[in-house]
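Same order as they appear, the protein sequences are chains P and E.
Numbering-wise, the first sequence is residues 1 to 424 according to the working numbering.
Numbering-wise, the second sequence is residues 425 to 603 according to the working numbering.
Derived by calculation from the structure, the hints in this document are not laboratory data.
There may be inaccurate statements among the hints.
To be verified - Per label pair, the in silico range of CB-to-CB distance:
1) G188/P with G444/E: 18 to 28 Å
2) D395/P with D465/E: 27 to 37 Å
3) N433/E with D285/P: 49 to 59 Å
4) A388/P with D446/E: 15 to 25 Å
Please read these numbers as outputs of a predicted model, since none were measured by experiment.
Even glycine gets a Cβ: it sits at the ideal position worked out from N, Cα and C.
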Amino acid sequence: MGMTAVEKVLARTAGRAQVRAGDVIYPDPDFIMIHDGLVRGVRRELDALGIDRLAAPDKVMMVTDHEVIYGSARAAEFGVINRNAAKAWGIKNFYDVGRGGHGHIFPMESGLLLPGMFYFDNDRHATNAGAIGAFGFRVGAEISRVLATGTNWVMAPQSVKLTLRGKLKPGVHARDIGFRIARLLNDGALNFELDYRVLEFAGDLDDLDLAARAALCNSPTEMRAYGVFFPPSAAILERARLHAKRPFTPVYADSDAVYEASAELDISMLEPQIAPPGGIQQSIDIGGVAGQKIDHAFIGACGSGMYEDFAIAAQILRGRQLAPGVRMFIAPGSEQSTHRLLAEGLMQTFMEAGVIPLPAGCGPCNDAVVGPLHSGEVSISTASNSNAGRFGARDAKLFLGSPATVAASAVAGKITDPRAMKPL
Amino acid sequence: MTTEIDAYNWRLKGRCYKLGHDVPHPGGVIPSALITAREFDPQKLIPHLFAESDPGFHERVKPGDIIVTGRNFGMGPKMNGYIAMQALGLGLVCESMPFLAYRAAVGCGLPVMTDCFNVTELCDSGDELEVDFRSGMFFNHTRDIRKEYPPLPDALQEIVALGGNTGWLKRWWQEKQAT
Numbered sequence: 001m002g003m004t005a006v007e008k009v010l011a012r013t014a015g016r017a018q019v020r021a022g023d024v025i026y027p028d029p030d031f032i033m034i035h036d037g038l039v040r041g042v043r044r045e046l047d048a049l050g051i052d053r054l055a056a057p058d059k060v061m062m063v064t065d066h067e068v069i070y071g072s073a074r075a076a077e078f079g080v081i082n083r084n085a086a087k088a089w090g091i092k093n094f095y096d097v098g099r100g101g102h103g104h105i106f107p108m109e110s111g112l113l114l115p116g117m118f119y120f121d122n123d124r125h126a127t128n129a130g131a132i133g134a135f136g137f138r139v140g141a142e143i144s145r146v147l148a149t150g151t152n153w154v155m156a157p158q159s160v161k162l163t164l165r166g167k168l169k170p171g172v173h174a175r176d177i178g179f180r181i182a183r184l185l186n187d188g189a190l191n192f193e194l195d196y197r198v199l200e201f202a203g204d205l206d207d208l209d210l211a212a213r214a215a216l217c218n219s220p221t222e223m224r225a226y227g228v229f230f231p232p233s234a235a236i237l238e239r240a241r242l243h244a245k246r247p248f249t250p251v252y253a254d255s256d257a258v259y260e261a262s263a264e265l266d267i268s269m270l271e272p273q274i275a276p277p278g279g280i281q282q283s284i285d286i287g288g289v290a291g292q293k294i295d296h297a298f299i300g301a302c303g304s305g306m307y308e309d310f311a312i313a314a315q316i317l318r319g320r321q322l323a324p325g326v327r328m329f330i331a332p333g334s335e336q337s338t339h340r341l342l343a344e345g346l347m348q349t350f351m352e353a354g355v356i357p358l359p360a361g362c363g364p365c366n367d368a369v370v371g372p373l374h375s376g377e378v379s380i381s382t383a384s385n386s387n388a389g390r391f392g393a394r395d396a397k398l399f400l401g402s403p404a405t406v407a408a409s410a411v412a413g414k415i416t417d418p419r420a421m422k423p424l
Numbered sequence: 425m426t427t428e429i430d431a432y433n434w435r436l437k438g439r440c441y442k443l444g445h446d447v448p449h450p451g452g453v454i455p456s457a458l459i460t461a462r463e464f465d466p467q468k469l470i471p472h473l474f475a476e477s478d479p480g481f482h483e484r485v486k487p488g489d490i491i492v493t494g495r496n497f498g499m500g501p502k503m504n505g506y507i508a509m510q511a512l513g514l515g516l517v518c519e520s521m522p523f524l525a526y527r528a529a530v531g532c533g534l535p536v537m538t539d540c541f542n543v544t545e546l547c548d549s550g551d552e553l554e555v556d557f558r559s560g561m562f563f564n565h566t567r568d569i570r571k572e573y574p575p576l577p578d579a580l581q582e583i584v585a586l587g588g589n590t591g592w593l594k595r596w597w598q599e600k601q602a603t
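Using the sequences plus the hints, can you model the full thing?
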């Protein structure tokens, strides 16, 4: 009986020949990631116990991504606490403000996170690792145990398999597939559930580049998947090799791996999707909500923060202006992407359109620490979810769409099918 | 850590407190205001446990009592209610809970069993129950029912026996310092 891809990753890091779903193991991670917002609590916890050193400081990546621009005295204080912690713990891989970007994006782009790897993370969007064929495991505040001891318990999750068939129509994006999957799960039209499962994709995946794969990791995570996995294509491997900071071995599921459930999805007829306020599980074809007036737009965050996402948006924005009364922000996922957008003239396109660039990181998607909404305002964005209050006021209306849909809507001032706005 | 695991009282005996399916942590277990306020002090949480659905619960409940729930208990990774249950000496037996709810309960040092299929059909509130969280044995003495469920996995017993994640880490550090 074979193993799924994630079971293989876990077996390697746990030093075992085999791992099965349900096994409790203690993997030796390739690295450990802690994000800015949790450092203070973890430092306090470890200090109170007298734990003054980490098991493997060289493996730790500390990332400032949730609150990059200090918008409050409290945030500035956290910044100091984080820098002191990095110093006290001897963390050399400290990607502070302006030095890395979004922790779920830049490590994949810069060859730090590679196919076949396993890492612990306090944040649940570690699922993005599946885009490159790796597995990031969220432990929340229990990252303290990982930092102190080097590991933590992992119950190997079940995997479910979704085989994609067909090609997306022009103007339809990987985020649209994710929104559709959420809706199908909600309607019981896919015969599995995702709570603590790994969603392994199969089928016609060669058209999906790294950005599209990262985009497709996002919505399953909101539906409580604990991991998403894409078998790396030749193109993904080539990209990984180009940037790799160390050797790596990609993993693929065995042909006789055991999945809890499997399903197929034909994506060839898919329309651009909109996730309405309240949840991606209510996503609908864009036609059902086109024309809804908007005040605010944002592109970035875990699911739409790679260079390719901004290139798609820039194609639509080139030579156009944001509609009067609309404010729009972008937050690239990495400093590297910001530089590339500048070098290739795309940042100029955004700025000429009236878009406000934010530094690499989570942008408004983290508790609206920047770019919030007022009561009654309407936003369209690529945020992870459209739950009430995510962008500030609880009675603001949050819609989600692909980067193309967000860009077209910001230009029109209302939710707009991106296929109706051809590049100028 | 085996000493602590053996010394821990894995078998709880007390009254059943039965809940249905899909009980959310905020509101259903503990008022959401305490969750958003990040209140983790057990003494402050105890008076509010199940207070919105059953005022005075904390005064009637006794150590050893067992909360039995339907499917999808907790509906998320919150800890506050489990801290109160643990401090009251209760146990938790669920038909199912989201994995993060289970992980949070273990991390708070609460004796917990999940995936106990149809357990709500085997008991009612007030029944005399006995549950061994280490072996998975479930007894309803009122109805003379005996059933075996998946126990708390061996690897997680040490966390519960040491009172949760912080207790575990404290013990680990002491052992490391000693060697």
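Outcome of the hint check:
no.: 1; hint: G188/P with G444/E: 18 to 28 Å; in the structure: holds (21 Å)
no.: 2; hint: D395/P with D465/E: 27 to 37 Å; in the structure: holds (32 Å)
no.: 3; hint: N433/E with D285/P: 49 to 59 Å; in the structure: holds (57 Å)
no.: 4; hint: A388/P with D446/E: 15 to 25 Å; in the structure: holds (19 Å)
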